[in-house]
Amino acid sequence: MGLAYYPGCTLKTRARNLEEPAVASMEALGLKLDEVPRWNCCGAVYSLADDDLIHQVAPVRNLIRAKEQGKDELVTLCAFCFNTLKRANLLMKEDAEKRNTINSFMNEEVDYSGEVKVVHLLEVLRDEIGWEALSQKVKLPLRELKAAPYYGCTLLRPREVAIDSVENPTILREFLKALGASPVDFPESARCCGSYQVISSPGDISEYARPILNSALSHGAEALVLTCPLCDYNLGRGQKELAKKQSEFREMPLFYFTQLLALALGLGPQACHFELNHGNPESLLREKNLLSQGESVQPIGGQR
Amino acid sequence: MTKKVFVTISPKKSRREFVKKVKELSGQNLQLCYQCGMCTGNCPAAANMDISPRRIIELARLGLEEDIAGSRTVWTCASCLACTVNCPRGFDLSKMMEAIRLLTLRKNIDRLRPEDIPSEERCDLPQIAMVSGLRKFTG
Amino acid sequence: MNTKQTKKKSAATAVKHRAKNPAATAVKEKRQIAARLIPIYIMGKRYEVPEGLTIMKAMEYAGYILIRGCGCRGGTCGACGTVYRKPGDYKLQVALACQKTVEPDMYIAQIPFFPANRALYDFAVLTAAPEEVFKLYPEMFRCVACNSCTKACPQGIEVMDAISALKQGNISEAAQLSFDCIQCGLCTSRCFGELAQYHMLQLARRIYGAKIVPRAEHLAEMVKAVNEGRYDRFLDELKQAKEDELKKLYQEREVEPMAAGEDWKPKDTRYL
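Residue numbers (the working numbering), protein chains in the order written: chain Y, 1 to 304; chain V, 305 to 443; chain R, 444 to 715.
It should be emphasised that the hints constitute simulated quantities derived from the structure, not laboratory data. These figures come from a predicted structure and were not determined experimentally. Beta carbons: idealized from backbone N, C-alpha and C, even for Gly. Hints should not be assumed to be uniformly reliable.
Calculated from the model, a selection of chain Y residues having no Cβ within reach of chain V, i.e. all distances over 12 Å [stated by the list, open to error]:
id	residue
1	99
2	180
3	207
4	290
Computed footprint of chain Y on chain V; a stretch qualifies when at least three of its residues, placed anywhere within it, have a C-beta under 8 Å from a C-beta of chain Y [claimed, not checked]:
id	region
5	317-330
6	345-359
7	383-391
8	402-409
9	413-426
10	429-435
List of simulated lysine to any residue pairs, SDA-like, C-alpha gap at most 25 Å [what the hints assert, rightly or not]:
id	chain 1	residue 1	chain 2	residue 2
11	V	327	V	342
12	R	529	Y	109
13	Y	98	V	328
14	Y	12	R	593
The shape of chain Y in the complex, shown without the other chains (with noise of 0.2 Å):
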């Protein structure tokens, strides 16, 4: 019984580390993720205007088609199209006229109205599967990994799409909890990486980054724990800067949370791929003794 499952773009070139690792825990589990068929890009930002309509169009197209699959529950990995994905839906759901028109528009298509819930993977290993279970497969504990959960935008924001609650979220400190990781909470949280200003003002995006990594720094974490690949861009980014900037700042590793839940179902790093990962993530692997002897991890060369 497969859950009907949207990738985004970007999860099948730069975030690769945060997909195959879903795939096979989710195999694993035994909640196998369907790729939808025919999907498209979702659009990315969900539209803020009120008569625009056409930009809704996207993401609906990808609702229809987990409709024609006949499934009730759409599975996102990627936050940012979780976030636009499900306010998509909302306005389906909830505005006769413009649903009435974004119909008519797609006449190629069958006509949508709300009928599939937007669900992210956190929330299904917390509601579907439930985290007392996901701890009793676990067969490499994270060995209290000090993990900062890290939520971002898109996942809590606005109110009416939030996976948890939007001033004291809890579901990744569980998520990390039931892996036998040492969850690090830390004031900024869910404060903006800086998004898509990277495009526009990429000096700026150390300075986005700067109060997150100092505040989970300051609480002691050893590396952060992300959803979002553009967060993990511009963090990534970031923290070089940041360090180039200052001596004495000090990267951390990022890792996708998928790749930490693979790892600790007894997956292997070469589930994980954490070659694609910022902040060299090998040495804190290998300091916890989640690599054994022969495993190895292959950061990327350079250029970033």
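Once you have looked at the hints, place chains V and R on chain Y.
Frame of chain Y; chains V and R shown alone:
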């Protein structure tokens, strides 16, 4: 970053049409704001803005279109929604920021050209960065 | 004069003629029925053209001399992209003028050319990485998946899906989906994001063909054999043969049968 401290308010500068369009596009009641400053306090980009988010709301409802157009604020906004979830009056500032951006973009005035993004970065950037950025900065 | 009146008039004339020469009248009646005229609107102006003609021939019948927007006349070159509507229907239809036959009350306009951004690149140095396309056509990310391009394609290509594949970094899929593209440009003319889909997809097909598809080994071997001179002697023999000899050789040549198996060999194995 030079912060603009003084703005001259004058009925001559006030554009009713602008206020009307901002209200329509954002779907927000601009009168809700009581200028408490929670939005500016929570904004991760406020340090990079010349006019704070709180002041932009005031300028918008006074119709001071030119002062807003002359500032970087709406283009520095990252749509993180920290303002929206923290506003005690339930005002969705992210939608007002978008409305103001669109009023320029829909006149076919882009903020950025795709070719301005350095070539090596186009290979490196995740697709979501390119798609979202071009959505916010081009029309 | 509308079609109904034309018919009445011919019927009246037909009756008059029948009295004089029945055989000739029958032939003339047949010819008139075969050449039934229907109205079409070319750039808003009404013309009556014989039904059964293609749009292109109908335009020429109406007196247009086509020096642009006209090419192979065989549905392959993409020069004659045409947009049309039927009365009372808001839907836009597309066709190739050289392929589509006229329908009554068609409102047509041709799009022989549409300005489209074409990146400059040195193909020899491109790799097969998807990032090459991101670099050359960053405006590709302005696509909003509205599907207008697919609706505008006279070849029935799923253009949106092909661009979607490109955004996902899947050059092979984009190349295969856009195989039938004839570069007519109708997609670009309708694109919300101002993408030049046909240029982007052409780049995908070029990369796919030159850098992704595995090389045919037997072709490389054959080229090597030719360059090493294995066939020089036989070619020289042919060059020196007299006309009669050549004719005989040609008429008596052996052709591999359609249903030949893997191990079929010709009777004359000298050239193998």
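Against the structure, the hints:
No Cβ of chain V comes within 12 Å of the Cβ of residue 99 of chain Y; the nearest lies about 16 Å off, and the non-interface call holds. Taking the minimum C-beta to C-beta distance to chain V, about 30 Å, the non-interface status of residue 180 of chain Y holds against the 12 Å cut. Separation of residue 207 of chain Y from chain V is inadequate, the least Cβ-Cβ distance of about 7 Å not exceeding the 12 Å criterion. The Cβ of residue 290 of chain Y lies farther than 12 Å from every Cβ of chain V, with a closest approach of about 26 Å, so its non-interface assignment holds.
With 3 residues having a Cβ less than 8 Å from any Cβ of chain Y, the region 317-330 of chain V passes the three-residue criterion, so the hint holds. Only residues whose beta carbon comes within less than 8 Å of a beta carbon in chain Y count, and the region 345-359 of chain V has 4; three or more means the coverage holds. Check on the region 383-391 of chain V: 6 of its residues sit with their Cβ under 8 Å from a Cβ of chain Y, so the three-residue criterion for coverage holds. Counting residues of the region 402-409 of chain V whose beta-carbon sits less than 8 Å from any beta-carbon of chain Y gives 3, enough to reach three: the coverage restraint holds.
For the region 413-426 of chain V, the proposed coverage by chain Y is satisfied: 5 residues have a C-beta within less than 8 Å of a C-beta in that chain, meeting the threshold of three. Counting residues of the region 429-435 of chain V whose C-beta sits closer than 8 Å to any C-beta of chain Y gives 7, which meets the bar of three, so the coverage hint holds. For the given pair, residue 327 of chain V sits about 21 Å from residue 342 of chain V by alpha-carbon distance, which is consistent with the 25 Å threshold. For the given pair, residue 529 of chain R sits about 23 Å from residue 109 of chain Y by alpha-carbon distance, which is consistent with the 25 Å threshold.
Among the hinted pairs, residue 98 of chain Y with residue 328 of chain V is consistent with the structure: their alpha-carbon atoms are about 15 Å apart, no more than 25 Å. Distance check on the hinted pair: residue 12 of chain Y and residue 593 of chain R sit about 24 Å apart at the alpha-carbon level, within 25 Å; holds.
Going down the numbered hints, you'll see the structure goes against just number 3.
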